[in-house]
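Taking the working numbering, the leading residue of the sequence shown gets 448, the next gets one more, and so forth.
Since the hints were derived computationally from the structure, they do not count as laboratory data.
Beta carbons: idealized from backbone N, C-alpha and C, even for Gly.
Just to be clear, a hint being listed does not mean it is correct.
[Said to hold, decoys possible] The following label-pair restraints were derived from C-beta to C-beta distances: (1) Val484 with Glu453: 29 to 35 Å; (2) Tyr470 with Val450: 47 to 53 Å; (3) Phe454 with Ala475: 30 to 36 Å; (4) Val465 with Leu510: 19 to 25 Å; (5) Leu529 with Phe493: 20 to 26 Å; (6) Glu453 with Ile490: 33 to 39 Å.
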Amino acid sequence: MFVFGEFFKSLAFLVNGVCQLLYWLIFARIIISWFPVDPYHSIVQFLHQVTEPILAPFRRLPLQIGMLDLTPLVAFIAIQFLNTVLVRILLNMAMQLGAA
Numbered sequence: 448m449f450v451f452g453e454f455f456k457s458l459a460f461l462v463n464g465v466c467q468l469l470y471w472l473i474f475a476r477i478i479i480s481w482f483p484v485d486p487y488h489s490i491v492q493f494l495h496q497v498t499e500p501i502l503a504p505f506r507r508l509p510l511q512i513g514m515l516d517l518t519p520l521v522a523f524i525a526i527q528f529l530n531t532v533l534v535r536i537l538l539n540m541a542m543q544l545g546a547a
């Protein structure tokens, strides 16, 4: 059972890392959107391709107040919620299976 516990512990750290990476990529996209940058630049396109699948479901909701788009804020909250819940569940499973 120790092996499964370590597996869930590693999975929890992986989920945490992916959520943190997504958080910072969305943050970078927000910062870049404030400046006049070339939309065809490779970094801008990369940020758009990586973050749009996460932001797209939230864009269906009425999250715009005037010219202010609150979609990234709601995505931040959702990512943090999922991160907290999933990591806690995985770490609890790991502890129950005997991981140190």
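Broken hints, by number: 1, 2
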